[in-house]
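Generate the whole structure from the sequences, applying the supplied hints.
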Amino acid sequence: MLTRKCYLALMGALLVSGIMTGCDKKSPEASTEKTATKEGGTAPNKETVAAGTKESGKAAEIARDPTKRIKIVYIPKNTGNVYFDVVASGFKKAQTELGFDFDIVAPATADAASQIPFIKQQIQLKVDAIAISPNSPDAVKPALQEALAKGIHVITIDADLTGNEDGREAYVIPADSDLIAKSQIDLISELIGGKGEIAILSATTDAPNQNIWIKVMNETLKDPKFKDIQLVDTVYGNDQDQKSATEAQALLLKHPNLKGIIAPTSVGIVSAVRVVETAGKANSIAVTGLGMPNNLRKYVQTGSMKKFALWNPADMGYIGSYLLVGLTNGKIKPANGASFEAGTLKERKFGELNKVIAGPPLVFDKGNIEQFHF
Amino acid sequence: MTSKGGIVAFLARFREVGILFFLAVVVVLTTLKAPRFLQWDNLSSILLDVPLLITIAMGMTMVIISRNIDLSVGSMMGLSAMVVGMTLRANPNLPILVAMLIGIGAGAALGAVNGTLIAFLRVPAIIATLGTLSIYRGIIFILSDGKSINSQDLPDALTFLAKPAITKIPIIVVIALLVVLLAHLFLRTQRTGRDIFAIGSNPNAARLRGVPVTKTLFLVFLITGAVSGLAGFMYTARFAFVDPAQAGTGFELSVIAATVIGGTAIFGGAGSALGTLLGCLLLGVINNALAITDLNQMWQLAVYGAIILIAVYTDSLIRNRLGKPVKESA
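As you go down the protein sequences, you meet chains A and B in turn.
Position 131 of the first sequence, counted from 1, bears residue number 130 in numbering that gives the first Met the number 0, the numbering being contiguous throughout.
Position 313 of the second sequence, counted from 1, bears residue number 312 in numbering that gives the first Met the number 0, the numbering being contiguous throughout.
Note that these hints are calculated values from the structure, not bench results.
Computed from a predicted structure; not experimentally measured.
Heads up, the beta-carbon is just placed ideally off N, CA and C, and yes, glycines get one too.
Zero decoy hints are in this set.
Straight-line distance between alpha carbons at most 27 angstroms, and here's what the computed DSS-like set of lysine-lysine pairs gives:
id: 1; chain 1: A; residue 1: K119; chain 2: A; residue 2: K140
id: 2; chain 1: A; residue 1: K194; chain 2: A; residue 2: K306
id: 3; chain 1: B; residue 1: K146; chain 2: A; residue 2: K305
id: 4; chain 1: A; residue 1: K305; chain 2: A; residue 2: K280
id: 5; chain 1: A; residue 1: K348; chain 2: A; residue 2: K332
id: 6; chain 1: B; residue 1: K32; chain 2: A; residue 2: K253
id: 7; chain 1: A; residue 1: K280; chain 2: B; residue 2: K167
id: 8; chain 1: B; residue 1: K146; chain 2: A; residue 2: K306
id: 9; chain 1: A; residue 1: K242; chain 2: B; residue 2: K162
id: 10; chain 1: A; residue 1: K365; chain 2: A; residue 2: K306
id: 11; chain 1: B; residue 1: K162; chain 2: A; residue 2: K305
id: 12; chain 1: A; residue 1: K253; chain 2: B; residue 2: K162
id: 13; chain 1: B; residue 1: K162; chain 2: A; residue 2: K365
id: 14; chain 1: A; residue 1: K306; chain 2: B; residue 2: K162
id: 15; chain 1: B; residue 1: K32; chain 2: A; residue 2: K258
id: 16; chain 1: A; residue 1: K181; chain 2: A; residue 2: K365
id: 17; chain 1: B; residue 1: K167; chain 2: A; residue 2: K258
id: 18; chain 1: A; residue 1: K226; chain 2: A; residue 2: K181
id: 19; chain 1: A; residue 1: K253; chain 2: A; residue 2: K305
id: 20; chain 1: B; residue 1: K167; chain 2: A; residue 2: K242
id: 21; chain 1: B; residue 1: K162; chain 2: A; residue 2: K258
id: 22; chain 1: A; residue 1: K140; chain 2: A; residue 2: K354
id: 23; chain 1: B; residue 1: K162; chain 2: A; residue 2: K280
id: 24; chain 1: B; residue 1: K146; chain 2: A; residue 2: K365
id: 25; chain 1: A; residue 1: K242; chain 2: B; residue 2: K32
id: 26; chain 1: B; residue 1: K167; chain 2: A; residue 2: K253
id: 27; chain 1: A; residue 1: K242; chain 2: B; residue 2: K146
id: 28; chain 1: A; residue 1: K365; chain 2: A; residue 2: K194
id: 29; chain 1: A; residue 1: K280; chain 2: B; residue 2: K32
Among the chain B residues that face chain A by a calculated CB cut under 7 angstroms, a handful are:
id: 30; residue: N149
id: 31; residue: S150
id: 32; residue: Q151
id: 33; residue: K162
id: 34; residue: F238
id: 35; residue: F240
id: 36; residue: N286
id: 37; residue: A290
id: 38; residue: Q296
Structural data, given as structure tokens:
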């Protein structure tokens, strides 16, 4: 019994000392080494990345030395998701320009609490900066605040800590919500010749981004420019294949004069275009929305889908890198209206709550889809 | 006996009569509310929605009759779909029939693992399959590295199976009906099929009477795995898209619901392939009816659940009223 107590006390002491050493003050002028990998092109070199990761793991065990490279870690929602692989490719592109160490770690599932151990681990490894695509606005906040308290810079990417903005320093938004919603209406209007009945196939009824887009789409349709377009139905496929297909089939049946479907969700858009194609109505009903090029490539090639949109996930990683390096060396101070240079993507501005918009929506069609693989 | 009594007595011999009645009620009510329900376009879309459910539910019927449960069917379907999808992506010219056999084989292997755990190692089915539900889903992620199979990875000959364009009736529907026929004959006419009822009615008595309980249970889970694998193959044809996180997730609940609605006793010993077929059709019709009748989206799930409860209750009411609380199915 006594030995066990001793053991626990020893563990506690070790833990405390570990935390204390973690508080080592770091120099704000940590210079970024410009000896970065310069081997050509935009394609990130995987081996370089892996090697950099290993080295930095060792480096992080000792107190941070200002001449060492900045260490950035990205924590996406879950592993193996191609979307986040593309976000990471943006980090790797910036890495070749800025020369920092980069690592990507993530839980297997996108549960609310699953990222917490990964954040704690990075705090112990004393990284300089964490970029995270949080699975929950609430669950990860205490862990991120702990990181901030230790002098680690934290930004969110792709998803934010809505309502808990003090858990991060800035947020890189994929694209402006208004712009996304408006571009969807522009797209469908173009595809149906500015006239006819349209419907929206959404994800779940409680998805905040979906509801904002639907609201803006409704407002946009009031523009006299779109007076001949009627939004006749909004249905929800719950981001499930089967349910989305059932709802899309029902749309065709309920609205025999339907000319277009907007599905601003990567699952719904695939179901909608498949249903329309199977029904042999690809020529009379246009399907568009937000989707992944890999999922829709075949339908674009066969002509069943003419155009759809998304943002470029790589831009978020690229901007996030410039932002984090700037924060770490003290050159960027986030504030509403302030701005910074993000490499080839030029000047970026902080909006309210330090939100940074990554870029305009990107439209995919037969002409450019081959350039995108995510 | 009056002729009416004769008809009632005749109907009462069929366990399926209650569910058939309820199906008719739902069809009539939906048609009154939305006449477009009966259009061929709509009926064919229901036909496309149910084959996966029907195929797996045939296995689930046997499992539940044997007084067991299999929670891993959704994961087995998803894993088989991923195996079929990855195989076809690597070998686009592989004959579709071979792809189907690969799907069935993959499912059967997974089912054999379940069967070994439950029949030989005596792990309670609900625990064993709760474990394999996660394990199989995990293997999907490991195999696929978390990446989806997309439509461009799959040959047109595969997706053709789920298109009504030329054959009017999609081929996957024909496959599902063949599975129903086989399951029906197996449960009705085969000695092993009858043994499943004996095990579900009273496992100890069945053992004492010389029923090969262990072997039969193993077979039941093997079959369920095989039909889940077949459904996985059909999934790739139907959706032309296999997302590791999504394919089959939560599908076990629909399968169990359809089986129980179809009159299979949750405590084992009773059930039939035809009843389960009707249960699947009822679920398909309800899903479709909810979508086309302009019911408020917020209400759909609750109404769906309520209809299931009413269906099961009506079914038991009718069966009791007909005077024969059928324990042993036809």
